[in-house]
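Chemist: Sequence:
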Amino acid sequence: MNHHIEEILNIILPPIENLPGAGDLGIAKEMFRMSNEHDRYSGVIKNSIELINKIYQPEITEKIKILESNEPKLFSLLLEIIYIAYYSNVDVQKRIKWRPGPLQPQGFSIQKWDEKVLNQIKKRKEFWKKI
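Our numbering applies: residue 1 is where the sequence shown begins, and numbers increase by one.
Check before you lean on any hint, since a few could be wrong.
What the hints assert, rightly or not - Label pairs and their computed distance ranges (CB to CB):
hint: 1; residue 1: I66; residue 2: I16; range: 24 to 30 Å
hint: 2; residue 1: W113; residue 2: D24; range: 45 to 51 Å
hint: 3; residue 1: I84; residue 2: K125; range: 43 to 49 Å
hint: 4; residue 1: E17; residue 2: E62; range: 22 to 28 Å
hint: 5; residue 1: W113; residue 2: I66; range: 52 to 58 Å
hint: 6; residue 1: L118; residue 2: K46; range: 51 to 57 Å
hint: 7; residue 1: I66; residue 2: R95; range: 53 to 59 Å
hint: 8; residue 1: W98; residue 2: K65; range: 27 to 33 Å
What the hints assert, rightly or not - In silico DSS-like cross-links for lysine-lysine, where the CA-CA straight-line distance does not exceed 30 Å:
hint: 9; residue 1: K54; residue 2: K29
hint: 10; residue 1: K116; residue 2: K130
hint: 11; residue 1: K46; residue 2: K73
hint: 12; residue 1: K97; residue 2: K123
hint: 13; residue 1: K112; residue 2: K125
hint: 14; residue 1: K129; residue 2: K116
hint: 15; residue 1: K29; residue 2: K94
hint: 16; residue 1: K73; residue 2: K29
hint: 17; residue 1: K112; residue 2: K97
hint: 18; residue 1: K97; residue 2: K29
hint: 19; residue 1: K65; residue 2: K46
hint: 20; residue 1: K122; residue 2: K112
hint: 21; residue 1: K73; residue 2: K54
hint: 22; residue 1: K54; residue 2: K65
hint: 23; residue 1: K46; residue 2: K29
hint: 24; residue 1: K112; residue 2: K123
Hints in this document: simulated from the structure, not taken from any laboratory. Built from N, CA and C at the ideal position, the CB exists for glycine as well.
Please work from the sequences and hints to get the whole structure.
Modeler: This is the structure we're talking about:
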């Protein structure tokens, strides 16, 4: 049986409460985009799926465990790309109460600049050449 990325994603990150599994969230499209745009992830999804489908084991969970054991670097990159895509999903961010969107201007407040921070460094002799 040939397994597809959505099925693999749902096993690695299954549904929880009202949130569907990673495969049903539709993150595969984002994963493929990242694998096409970033050399680090080039071929990771394709190679992982091919290897999983070549493993002679009836259970897909066992196939994934074997991939993890036999190809730790590939599996680590697969998990990395899965997690990046998963936690970029707005529904996941809402569930974990991670406020999406830009950090500024409504983000973290920045303390007013304190000039005293530079007092010690200003006491040092200039080491650069004046022009």
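Chemist: Against this structure, judge whether each hint is valid.
Modeler: Status of the hints after comparison with the structure:
1. I66 with I16: 24 to 30 Å: 25 Å, holds
2. W113 with D24: 45 to 51 Å: Since W113 and D24 have Cβ atoms about 48 Å apart, the given range 45 to 51 Å holds.
3. I84 with K125: 43 to 49 Å: 47 Å, holds
4. E17 with E62: 22 to 28 Å: Holds, since E17 and E62 (Cβ atoms, about 27 Å apart) stay within the stated range.
5. W113 with I66: 52 to 58 Å: Holds: the Cβ-Cβ distance is about 56 Å, inside 52 to 58 Å.
6. L118 with K46: 51 to 57 Å: 53 Å, holds
7. I66 with R95: 53 to 59 Å: With Cβ atoms ~31 Å apart, the hint is violated.
8. W98 with K65: 27 to 33 Å: 30 Å, holds
9. K54 with K29: Given pair K54, K29 holds - Cα atoms ~23 Å apart, limit 30 Å.
10. K116 with K130: 25 Å, holds
11. K46 with K73: 15 Å, holds
12. K97 with K123: 46 Å, violated
13. K112 with K125: 27 Å, holds
14. K129 with K116: 25 Å, holds
15. K29 with K94: 20 Å, holds
16. K73 with K29: Roughly 22 Å between the alpha carbons, so the hint for K73 and K29 holds.
17. K112 with K97: 28 Å, holds
18. K97 with K29: At roughly 24 Å apart (the allowed maximum being 30 Å), K29 and K97 satisfy the hint.
19. K65 with K46: Distance of about 17 Å is within 30 Å: holds.
20. K122 with K112: The given pair, whose Cα atoms are some 20 Å apart, holds under the 30 Å limit.
21. K73 with K54: Given pair K73, K54 holds - Cα atoms ~18 Å apart, limit 30 Å.
22. K54 with K65: Roughly 13 Å separates the two Cα atoms, so the pair holds.
23. K46 with K29: 13 Å, holds
24. K112 with K123: 23 Å, holds
Comparing the model with each numbered hint stated earlier shows that hints 7 and 12 do not hold.
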